[in-house]
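Protein chains in written order, with my numbering: chain A, 813 to 925; chain B, 141 to 253.
No lab work stands behind these hints: they were computed from the structure.
Predicted, not measured: the structure shown is a model, and the values here were computed from it.
Please note: incorrect hints may appear among the correct ones.
Stated by the list, open to error - With a straight-line Cα cutoff of 30 Å, these simulated BS3-like cross-link-like pairs (lysine-lysine) come out:
#1 A:Lys830 to B:Lys196
#2 A:Lys831 to A:Lys853
#3 B:Lys210 to B:Lys176
#4 A:Lys853 to B:Lys176
#5 A:Lys852 to B:Lys176
#6 A:Lys853 to B:Lys208
#7 A:Lys834 to A:Lys853
#8 A:Lys853 to A:Lys864
#9 B:Lys176 to A:Lys864
#10 B:Lys210 to A:Lys852
#11 B:Lys196 to B:Lys207
To be verified - Derived coverage of chain A by chain B (criterion: at least 3 residues anywhere in the stretch with Cβ under 8 Å from a Cβ of chain B; other residues may be distant):
#12 828 to 842
#13 849 to 858
#14 888 to 895
Heads up, the beta-carbon is just placed ideally off N, CA and C, and yes, glycines get one too.
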Amino acid sequence: ETGVTQTPRHLVMGMTNKKSLKCEQHLGHNAMYWYKQSAKKPLELMFVYNFKEQTENNSVPSRFSPECPNSSHLFLHLHTLQPEDSALYLCASSPPGRGTEAFFGQGTRLTVV
Amino acid sequence: GEDVEQSLFLSVREGDSSVINCTYTDSSSTYLYWYKQEPGAGLQLLTYIFSNMDMKQDQRLTVLLNKKDKHLSLRIADTQTGDSAIYFCAESMGGGATNKLIFGTGTLLAVQP
Numbered sequence: 813e814t815g816v817t818q819t820p821r822h823l824v825m826g827m828t829n830k831k832s833l834k835c836e837q838h839l840g841h842n843a844m845y846w847y848k849q850s851a852k853k854p855l856e857l858m859f860v861y862n863f864k865e866q867t868e869n870n871s872v873p874s875r876f877s878p879e880c881p882n883s884s885h886l887f888l889h890l891h892t893l894q895p896e897d898s899a900l901y902l903c904a905s906s907p908p909g910r911g912t913e914a915f916f917g918q919g920t921r922l923t924v925v
Numbered sequence: 141g142e143d144v145e146q147s148l149f150l151s152v153r154e155g156d157s158s159v160i161n162c163t164y165t166d167s168s169s170t171y172l173y174w175y176k177q178e179p180g181a182g183l184q185l186l187t188y189i190f191s192n193m194d195m196k197q198d199q200r201l202t203v204l205l206n207k208k209d210k211h212l213s214l215r216i217a218d219t220q221t222g223d224s225a226i227y228f229c230a231e232s233m234g235g236g237a238t239n240k241l242i243f244g245t246g247t248l249l250a251v252q253p
């Protein structure tokens, strides 16, 4: 248990659906991240937030829409996804500075049908 | 761009030592990490090393860093079946208050009893 909680753990959605992934941490961390883990590919950093402000969007398609209402919560809103978007979506958080540990959640296994 | 490479698979017998290798490209990386991912789980930080160090030892784990060759390795002594997992190396990018990680593709370690 890392202190980073993601819900749901598994999600199956149609290409026309709208769904949201949730991430929560009460570790007092300032930074939160979304990563995508696809089969046979390195983990890809999607978004970075620092104290609720987005500091990085790694050329992610607009069908993925992040939201960070406060430092403890991070959402990833999904709409009109494609089957190739099926992957494990991992949330992480970290305290300030480089060299600090990034704590990962268990991930949401997303399947787009 | 940033690129972190690892071999995809390693098989060892229980009790032997395992050595997982990684090469990275960004010479300005100040921290390098090893994460472990068990089936169905998120990423767990095993250890990390600061770039001014050549070696770091933590119980059964030994990290070696060759900064000139941009080569990082993780040695697991007395490998156990519970060590079977995917191991990711990662380098820390960016600065300031966030800690972006660039991951390798991961090495699947299979420990034979």
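Evaluated hints:
The straight-line distance between the Cα atoms of Lys830 (chain A) and Lys196 (chain B) is roughly 46 Å, outside the 30 Å bound, and the hint therefore fails. For the hint linking Lys831 (chain A) to Lys853 (chain A), the alpha-carbon distance of about 24 Å falls within 30 Å, and the restraint holds. The straight-line distance between the Cα atoms of Lys210 (chain B) and Lys176 (chain B) is roughly 21 Å, inside the 30 Å bound, and the hint therefore holds. Restraint check for Lys853 (chain A) and Lys176 (chain B): the C-alpha separation of about 16 Å stays at or below 30 Å, so the hint holds.
Distance hint between Lys852 (chain A) and Lys176 (chain B) is fulfilled; the C-alpha atoms sit about 16 Å from each other, no more than 30 Å. Straight-line distance between C-alpha atoms of Lys853 (chain A) and Lys208 (chain B) comes to about 27 Å, which keeps the hinted pair within the 30 Å bound. The suggested pairing of Lys834 (chain A) with Lys853 (chain A) holds, with an alpha-carbon distance near 23 Å, which does not exceed 30 Å. Straight-line distance between C-alpha atoms of Lys853 (chain A) and Lys864 (chain A) comes to about 29 Å, which keeps the hinted pair within the 30 Å bound.
Distance check on the hinted pair: Lys176 (chain B) and Lys864 (chain A) sit about 28 Å apart at the alpha-carbon level, within 30 Å; holds. The suggested pairing of Lys210 (chain B) with Lys852 (chain A) holds, with an alpha-carbon distance near 23 Å, which does not exceed 30 Å. Between Lys196 (chain B) and Lys207 (chain B), the direct Cα distance comes to roughly 14 Å. Compliance with the 30 Å bound is thereby established for this hinted pair. Only residues whose C-beta sits within less than 8 Å of a C-beta in chain B count toward coverage, and the region 828 to 842 of chain A has 1 of them, not enough to reach three; the restraint is violated.
Remark: the region 849 to 858 of chain A is confirmed as covered by chain B, as 5 of its residues place a Cβ nearer than 8 Å to a Cβ of that chain, reaching the required three. Residue count for the region 888 to 895 of chain A with a Cβ under 8 Å from a Cβ of chain B: 0. That is fewer than the three needed, and the coverage hint is violated.
In summary, the structure is inconsistent with hints 1, 12 and 14 from the numbered list given earlier, while agreeing with the others.
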